[in-house]
Every structure is written in C-alpha cells, then in structure tokens.
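**Student:** This is what each chain is made of:
Protein chains: 2
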Amino acid sequence: MLYLIGLGLGDAKDITVKGLEVVRRCSRVYLEAYTSILTVGKEVLEEFYGRKLILADREEVEQEADNILKDADISDVAFLVVGDPFGATTHSDLILRATKLGISYRVIHNASIMNAVGCCGLQLYKFGETVSIVFWTDTWRPESFFDKVKKNRENGMHTLCLLDIKVKEQSLENLIKGRKIYEPPRYMSVNQAAQQLLEIVQNQRIRGEEPVTEKTLCVGLARVGAEDQKVAAGTLQQMCAVDLGGPLHSLIITGDSMHPLEMEMLSLFSIPENSSESC
Amino acid sequence: MLYLIGLGLGDAKDITVKGLEVVRRCSRVYLEAYTSILTVGKEVLEEFYGRKLILADREEVEQEADNILKDADISDVAFLVVGDPFGATTHSDLILRATKLGISYRVIHNASIMNAVGCCGLQLYKFGETVSIVFWTDTWRPESFFDKVKKNRENGMHTLCLLDIKVKEQSLENLIKGRKIYEPPRYMSVNQAAQQLLEIVQNQRIRGEEPVTEKTLCVGLARVGAEDQKVAAGTLQQMCAVDLGGPLHSLIITGDSMHPLEMEMLSLFSIPENSSESC
Chain W
15 MLYLIGLGLG DAKDITVKGL EVVRRCSRVY LEAYTSILTV GKEVLEEFYG RKLILADREE
75 VEQEADNILK DADISDVAFL VVGDPFGATT HSDLILRATK LGISYRVIHN ASIMNAVGCC
135 GLQLYKFGET VSIVFWTDTW RPESFFDKVK KNRENGMHTL CLLDIKVKEQ SLENLIKGRK
195 IYEPPRYMSV NQAAQQLLEI VQNQRIRGEE PVTEKTLCVG LARVGAEDQK VAAGTLQQMC
255 AVDLGGPLHS LIITGDSMHP LEMEMLSLFS IPENSSESC
Chain Y
15 MLYLIGLGLG DAKDITVKGL EVVRRCSRVY LEAYTSILTV GKEVLEEFYG RKLILADREE
75 VEQEADNILK DADISDVAFL VVGDPFGATT HSDLILRATK LGISYRVIHN ASIMNAVGCC
135 GLQLYKFGET VSIVFWTDTW RPESFFDKVK KNRENGMHTL CLLDIKVKEQ SLENLIKGRK
195 IYEPPRYMSV NQAAQQLLEI VQNQRIRGEE PVTEKTLCVG LARVGAEDQK VAAGTLQQMC
255 AVDLGGPLHS LIITGDSMHP LEMEMLSLFS IPENSSESC
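Which chain is which? The protein sequence lines are W and Y, in order.
So the number in my numbering is just where the residue sits in the first sequence, counting from 1, plus 14.
So the number in my numbering is just where the residue sits in the second sequence, counting from 1, plus 14.
Chain W residues, not near chain Y, derived (Cβ > 12 Å throughout): (1) Leu69; (2) Asp80; (3) Leu83; (4) Asp85; (5) Ser89; (6) Arg193; (7) Asn205; (8) Leu212; (9) Arg221; (10) Gly259.
The calculated DMTMM-like cross-link candidates involving lysine to aspartate or glutamate, where the alpha carbons are at most 20 Å apart (straight line), are: (11) W:Lys165 to Y:Asp270; (12) W:Lys164 to Y:Asp161; (13) W:Lys194 to W:Asp71; (14) W:Lys114 to W:Glu76; (15) Y:Lys140 to Y:Glu278; (16) W:Lys165 to Y:Glu168; (17) W:Lys164 to W:Glu223; (18) Y:Lys180 to Y:Glu197; (19) W:Lys140 to Y:Glu168; (20) W:Lys114 to W:Glu74; (21) Y:Lys140 to W:Asp178; (22) W:Lys229 to W:Asp161; (23) W:Lys140 to Y:Asp161; (24) Y:Lys194 to Y:Glu183; (25) W:Lys84 to W:Asp107; (26) Y:Lys140 to W:Glu157; (27) W:Lys114 to Y:Glu278; (28) Y:Lys140 to W:Glu168; (29) Y:Lys164 to W:Asp161.
These are calculated hints, taken from the structure and not from any lab test.
In this text, all values refer to a predicted model and were calculated from it rather than measured experimentally.
Heads up, the beta-carbon is just placed ideally off N, CA and C, and yes, glycines get one too.
Construct all of the structure, not just a fragment, from the sequences and the given hints.
**Tutor:** In structure tokens, the structure reads:
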C-alpha cells in the first residue's frame, strides 16, 4: 500500500495520530521536499517519528517514481507531504503511476494553506481561483496570472496568492556545465510579492484599468499554523513594508464585497496607520 | 486560552498529535455538533481522547458563548470542530467574543472538505466560489446559488457544493407550541442534490440558458477522509442514481476546461456506462 500522508503546516506534532501510526509501521518513508516547508527540519521529524526519512526532491518524484513505488504492492510505503497531499500536481502523478502498477493507495489528509488561510477571518467559500506568483527576473516578468485576480475581484471573490519557492535551483553556469551545485533555497516574501504586484498595478493603469490599486485591502500571512504565525491586514502599499519574519509567506487580495464579520476579524490583524512605509 | 481544534474528517484518530495533547490537558472540552459529523460518535471520541465532551449545538454557541468562554482567561478550554475550525461563520464569532473578553486563542488546524476534496484529482486552485445546496420544501425552492455555479463555469472553474445538514430541527407544530422535540437529523445525499439541480437546469433552459446540462461532468463524494470514502465521477444525470452510501456527501460541478491530469485522475472514479439510471 502507498500512503500519502499530509503533515500539516507547523511542526512535527501537526501530523495526525493516524498518520503517525502509519509512518511508524511503513517499510520506507519518503519526505517530499520541494513544494512547502515546515518550521522544523528533517532531523526533528525523524526524531519525533522514530523513523529515518528519505528526502525526495522534484526530480526524484518525477523521474524515479518507480523507486518510490518499489515493493509497495507487498509492503507499506509512506510518502509525506507538508500540508495536504493534494496541493501539488505531481502527487496525482504518483497516484496514477501506482494505480497502473496495481498498487493500492490511501490518503491521510491534513490542513493545507488552501484551508488554513481561513484563520485570517475571510470566509473560505468566498475565495475564487488561486494564483501563484513567481520570482521575476530581469528578462522574465510574467503578469498573466493577474487576469485571474481581476476576474475574482469582478465577482467579489478573494484571491489566495501562493508565493514562489526556489529549492535545488542551479545557476545558469552550473546548469550549462552540468554541475550538480545548487543555490541556497529562496522563499518569496509578502513584501516581494506586493512590490511585483504594484508594478503590475501601474502597468494596468497605463492601459486604463484599475482592478487593483495601492489601496486595495490585502492580507499577508506567514507561517500559518505554527506557534509564531503572523497575519497582517492592510493596503497593498502597506504589504510592501510589513515585517512578517521568516518563510513561508502567502498573500490574499480581497474581493470588493466584504461581510461585516470578515471586516471585524480582519481588524484584529490590521497594521497601525503610522507604520505605512513606501516601497 | 481558548483552543479551537480541528478534528479532521474521518474518525477519532484524525486529530493531530498536537490537538490530542491539548484536549487531554484542557479543563473543559466542547464538541461542536451542527456543521459536520465524523464517522464515529461522541462516545468513541470520549474513549479515545480519555475526556468527557460537552456537546455544543448551534443555539448554545450563538447564545451562550459566554458559558463556553467562562474562565478561559485563567484555564484552558478546547472547542472541537469536525474538519477545520474555519469552515463555519459562527467560529469567527466565538473568536471575536473571546478577544473582546481579553481571552487569547489558538487554532489547531486540520483537513476540511474545502481542501480534502482534492482527493478526486481536480486541482484545488481551479475551484471558484463554494456554494451550499439546501433541502427544498414545497414552498421554498431557492435557485439563487446557481448564479455562482454559472460564473464559475464561465471562468473555467469547478464548484464545490456543500450539501444541507438538518440537525436539531423542530417541526412547525413543535416550534409553535414551544416544545423542544427535535426531528431526526437529515443529511442531503448527492442523489437529492443532483435531482434539485436538474430541476434548475430545466428552468434555466426555459429561459434559453444552458450553463449546465444533464451531461455536465460532476463528481460525487461521500465520507471523504474515512476508510470507506467513495468518489464517483459522471454526468449530472448519473449523479441522481449513483449509490454512495451514508453521509456526509458533497458534489462538485466541474468547470469546462480540464487538465489532462485531472481527466486521468477522474477516470479512476468514473461510473460504468451501463449504470446510468434515470432520475
């Protein structure tokens, strides 16, 4: 049996009791290490679970899935995912591959950013399509995701923006020379995301459109589910300067129409007026 | 401290390790009993947690929140919610009330239908606004939620439909006479939801609109996260007759544009051609 087990969002103890029991009895336990991170590292998890974990990066899951699935028809293999297993596309891929090999699978769900984001008080049912914001480079500055933000706002829906994670990236030089030397991991902050968004806002304005402005109400979230989680509600402009600490960060662009209860919840997290710095 | 703790979706062991530790040390533990159910009852939870649970129905949470929050400034009180605490509006209400009384709170997240629904293979980020489908009566047959389904489909997004739960309902007679006698709980099935939807489809057609038809691809889900979870993918017509067993059920109306990986995942759950019965 292949078990896909969500680890939740905070630390080692956010696994479910059921998940922990399965981890302790599986013959091999993989830890997916590229779509998200916990506030603790592999070693802390290994100590708490009492098991050695095999790190599985994107390459391995995509190219060597057969290694992960080896003997899973006659023994139990666990594949651990931060959050819930259905956050990323590649996990569907693993399930399809298992099914083709005649291997049964089970999913042990957990919280993911897709539902835990409700902690800011915005109603989950009022979220529209989720978008991803990637790190811009000098030559690659994609704006196409912004159409979805526009559509969501036109329909009064909030937009959850998942922020870029760069893990095991190679520099162009190392890539060309085939050297497996990797850059340090990078996690996009709410500040960085807001700065990129403000550039898009300005580009939209040139075209005569203003679906989002500097004053649009946004919510920045950091380390959701962890003890030191931070939530800040304020304008897009304020999101450029708010200090939310270490990764992972997420950003919400609110829809236009807000329920009074949503406003009251957001007020618990509002950034003081005088802390609004410019980007 | 007030702890809002998600129980996940299946049985007693779907609580997180962190959640269980908190439950075991709190001075009072409430169980919210009106927005969702697990596959096991209060007694099974009590035995596994090793704690007595106080049932809190909607009336109590809304009208007697102060009882729940009593002494939570000097001791620890837990409020358990099936799924994640941010599924229902009333929990925001409890948090706001606690904050006004100067009581700190913490949330221990878990899976909810809002993210676990990804188990069918549809990509979570492609879901639009969530809708609720209520039991129709002879005189009350609301269709307004359907506008949201239309908007979602126009934008290529899937719609998660949460199906009605009637717990602690009084008959009109008992209500008028002020007798606290309650009807047995009722949970809307995928069949019932699909039948109501088909009526709306026919009404739309009279107006010359066909955003959804009998042939629109839907997904029925039952007891998501439990050992005996069932998922079935087929047309809206097929959803009228598919047998998914006991509650809770949910229904997805897919968006028009599907990723090949989504189609491949759905094919794992497709209803055989010859089992298509009419409503």
